[in-house]
Structures are given as C-alpha cells and as structure tokens.
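Q: Listed below are the residues making up each chain.
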Amino acid sequence: MTCSEFLAQLDDLIDDHVTATMRADLEEHLSGCDHCVVTLSTTRKTIEIYRKHELYTLPDTMRERLQKAILDRCKKC
Amino acid sequence: MSTIQTQGTEEVQPEEVHPDVALVNRAREGDTAAYEKLVRQYDRQIFRIAQHITQNREDAEDVMQDAFLKAYEKLDQFQGNSKFYTWLVRIAVNESLMRLRKRRTGKMVSIDEDVETEEGSMPRDLADWSPDPEAQYGQSEMADILRKTIQGLPPGFRVVFVLRDVDGLSTEETAESLGLSIPAVKSRLLRARLQLRERLSRYFRKNGKDGAK
Ligand SMILES: [Zn+2]
Numbered sequence: 001m002t003c004s005e006f007l008a009q010l011d012d013l014i015d016d017h018v019t020a021t022m023r024a025d026l027e028e029h030l031s032g033c034d035h036c037v038v039t040l041s042t043t044r045k046t047i048e049i050y051r052k053h054e055l056y057t058l059p060d061t062m063r064e065r066l067q068k069a070i071l072d073r074c075k076k077c
Numbered sequence: 001m002s003t004i005q006t007q008g009t010e011e012v013q014p015e016e017v018h019p020d021v022a023l024v025n026r027a028r029e030g031d032t033a034a035y036e037k038l039v040r041q042y043d044r045q046i047f048r049i050a051q052h053i054t055q056n057r058e059d060a061e062d063v064m065q066d067a068f069l070k071a072y073e074k075l076d077q078f079q080g081n082s083k084f085y086t087w088l089v090r091i092a093v094n095e096s097l098m099r100l101r102k103r104r105t106g107k108m109v110s111i112d113e114d115v116e117t118e119e120g121s122m123p124r125d126l127a128d129w130s131p132d133p134e135a136q137y138g139q140s141e142m143a144d145i146l147r148k149t150i151q152g153l154p155p156g157f158r159v160v161f162v163l164r165d166v167d168g169l170s171t172e173e174t175a176e177s178l179g180l181s182i183p184a185v186k187s188r189l190l191r192a193r194l195q196l197r198e199r200l201s202r203y204f205r206k207n208g209k210d211g212a213k
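Chains as they are written, first to last, in the UniProt record's numbering: chain A, 1 to 77; chain B, 1 to 213.
Keep in mind that a hint or two might mislead.
[As the list claims (entries may be wrong)] Just so you have them, the derived chain B footprint on chain A, three or more residues with Cβ under 8 angstroms: (1) 43–55; (2) 68–75.
[As the list claims (entries may be wrong)] Capping the alpha-carbon separation at 27 angstroms, the derived lysine-lysine pairs in DSSO-like fashion look like this: (3) B:Lys148 / B:Lys186; (4) A:Lys75 / B:Lys37; (5) B:Lys83 / B:Lys186; (6) B:Lys186 / A:Lys68.
Hints are computed from structural coordinates only; laboratory data are not their basis. This one's a predicted model, so the numbers in the text were calculated from it and none came from an experiment. The beta-carbon is built from N, C-alpha and C at its ideal position, and this holds for glycine as well.
Could you put together the complete structure from these sequences and hints?
A: Below you can see the structure in the form of structure tokens.
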C-alpha cells in the first residue's frame, strides 16, 4: 500500500468505517511508515481539539434575548 | 441513573420516534412552548454554524433568529423522514449564505462550488506534535489559533468539518443539510481535516512555537 492509498482510507479509518481486512492492510502500512503514523495521530488530535473548544459562544443574556425575540414573533404567526 | 423499567407491550417499539417529532407536531398545532424547547435545544449549534459560515457575529445572531422563524413558518413542510435538526441546519445554511452574499456584493458565495485546491491533498508537514500541544497555550490563545486556522478554509470545507466533526452529524445528514452529494461531503471532509492538521502543525509541532513564525 502506498501513502496515497493510505490517505484515501484515512477518514474511514478515523471514523471506524473500515472492514477488518482493510484495517489489517492499513496497520501493516503504518508499521513501516512513520509519515502516515504522524498524519493519522495529528489528524485525530486536530478533530479532538476542535471538538473540545467552543469557538463561538453565545453569552446567556444574548441567548435569552434572542430566544425571546424568536418566540414573541412565533406567537404572532 | 436508575434503570428504565420496561413492561408489557412497551418493550416492543417497532420504530423509535425521535423526541423532536412529537415537539414539532405540538408546535404545528400552535403550542409555542413545544417550539421553545426546540429553540433552546439547538440555538447554540445553529449560532455556531452561522458564525462559521458568515464569520460575523451580528450576521450569526440574525441568521439564528431568522432560521428559527422560517422553520416555524414552514413546519408544515417538515416531512419527518429526516431529523428536525438536519432540516433546521439546511435552513440556517441557506440564510447564512444569503447574508454572506449581501456582504460580499458581486462575489459568488456557494457551498457547492468546487474548490480547486491541491492544498492538503498530501501532507507536507510531517513533524510529530508535542504530546500535549494544548499545554503550550492558554485557553484564549488556543481559541484564537483555532478560529484563525479554520477561518482560512473555504466556507464549503469549514461547514462540512463543523457539521461532521464538531456537531457529530453523519455523512448522510451532512449531505442532506448542505444539499451536497455524499462523495462531495467525503472529499471535502478529508481535505478540511488535512488542511487544518497542516496549519495547526505550525503551532503544535515538537519544539513548539518557533515553527509558527
Ligand atoms: Zn505512508
């Protein structure tokens, strides 16, 4: 398996959507390719970090104001 | 939490009905309290998606309001064969794109335009990251890095990444809410992940911040 072929399966591997045979092939490639090991682990980390940090928070006061505005207008519908 | 007791025929549920469906049905009959529950449940996520697309706080607030209002007005059109949230996201994405077009007059903005970019199709920065990259930065510095990094991606990549990886929608749901094909979602997700990874490497690689200069 080449690095390009590995990369084509990267998302399915991360999302755990690969068959057992494919997984074995991918692991075999990983055992001999440090580059793909790094790509896999840092891509996983990228997702994990974005999941963990809320980048755009809505403060409670603003949230309540917006909710109220929505519902007031719904009631008039 | 105590175990859920099931008895008699309650155990046999041929099809699980999503709790949102019941709320939508009540809201259709004019029960605004039911709709309020849906608003409270999803407002943060809708705001986040809108902010990721428009990159403008006021626009994101407006989009959030308009999306929930539009959804309320169109509740009769909600088929129930998709999740309410997926349907709501689709409305919010369209509203966000309209706002974006207004701001960038004359410039085409679309989620489905094919972005021709080779960037990220092959990883270049192959340095490993430090074991705990987050330890190098404070909370707000970290949020700045993450915002700046994702803002550099084309809108169609950003939104796929946010829906799939942050919101946890499936590929099918993401495709449905963006009006994209499944292969298009898949190819964007891979490129989005790899581009973010590549860009974050500058900050998180071993031997730290020097790379970012
Ligand atoms: Zn490789």
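Q: Against each hint, give a clear statement of whether it holds in the structure.
A: Structure-based check of each hint:
1. 43–55: holds (count 10)
2. 68–75: holds (count 6)
3. B:Lys148 / B:Lys186: Within the cut-off at roughly 23 angstroms; holds.
4. A:Lys75 / B:Lys37: holds (14 angstroms)
5. B:Lys83 / B:Lys186: At roughly 20 angstroms apart (the allowed maximum being 27 angstroms), Lys186 (chain B) and Lys83 (chain B) satisfy the hint.
6. B:Lys186 / A:Lys68: Roughly 38 angstroms between the alpha carbons, so the hint for Lys186 (chain B) and Lys68 (chain A) is violated.
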